[in-house]
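Asker: Keeping the supplied structure of chain E fixed, place chain V upon it in accordance with the hints.
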Amino acid sequence: MLGLGCGSVAAITWLALRMDLIDREGHPLHLTLRAPLFWFWLLWEIVKANGQVIRVILDPKLPISPRRFRVPTSQKTDIGRVIYANSITLTPGTICLDVNETELDIHALTADGELGLQSGQMDQLVSRVEGH
Amino acid sequence: MMPSLLDGLSWLLLLSGCACLLISAIGLIRMPDLFTRMHAAGIGDTLGAILVLAGLMLQSGLSITLIKLVLILFFLLFTSPTACHALARAALAGGQKPLLAEPNADNSPAEQSPS
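Chains as they are written, first to last, in the working numbering: chain E, 1 to 132; chain V, 1001 to 1115.
If we strip away everything but chain E, and leave its shape as in the complex, we get (with noise of 0.2 Å):
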């Protein structure tokens, strides 16, 4: 019975890309096979980033130096500024504030967040998962 949903939803899914018919802003079927590889290293950058909060919670004098600044963004489409700001408010120690065309406003609890990401690895990768 599961077997038999599983793959009438596949075929359904096969057809629908075939006949170009995937809504490409609601469900972007054509970044799932890039997403996964990148989300292993974001993986790994919410675990270093946490490291880093961590140790500044536990500090007893509490070295935060909070700072607002703008990054830019090379992402072409919405959704790849969308992946680019959830992965940075992801990551413990920077928050998006806000998002345009082209810029982040980025809240940043220590300069070692800001240095992260004014150095452009994650908004390279973000692109190249985005794949234009």
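I should point out that these hints are in silico values taken from the structure, not numbers from a laboratory. Since the model is a prediction, treat every value here as computed from it, not as a measurement. Glycine residues also receive a C-beta, built at the ideal position from the N, C-alpha and C atoms. Accuracy of the hints is not assured; some may be wrong.
[Claimed, not checked] Examples of chain V residues toward chain E, derived with CB under 8 Å:
{"hint": "1", "residue": "1023"}
{"hint": "2", "residue": "1026"}
{"hint": "3", "residue": "1027"}
{"hint": "4", "residue": "1030"}
{"hint": "5", "residue": "1035"}
{"hint": "6", "residue": "1036"}
{"hint": "7", "residue": "1039"}
{"hint": "8", "residue": "1040"}
{"hint": "9", "residue": "1042"}
{"hint": "10", "residue": "1043"}
{"hint": "11", "residue": "1047"}
{"hint": "12", "residue": "1077"}
{"hint": "13", "residue": "1084"}
{"hint": "14", "residue": "1088"}
{"hint": "15", "residue": "1100"}
{"hint": "16", "residue": "1101"}
Answerer: Relative to the frame of chain E, chain V by itself:
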């Protein structure tokens, strides 16, 4: 041998997840203003949730529960940054100024947050 190993690993993950949540709560109390508190809450949202759910996945074994836990983690990791972003924007729209270490020119100067 195998079940006890899995059990131990699962407990290790659960306990470190709990430690993350505890640290995140401590951070919430220690941080000076709303935006820095959101950073502290981020630990519980990401690493805390990931570790606790991974520990539960090892406990559940190969069953329908495992699929449900994977889905919970999946949706959590998609929705929590969105909620975080919405909270930050609401705070900005409500007139909260982030406390900054060095008030720079293009933003409004830092205010000492009340309380």
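Asker: So which hints don't hold here, by number, going up?
Answerer: Failing hints: none at all.
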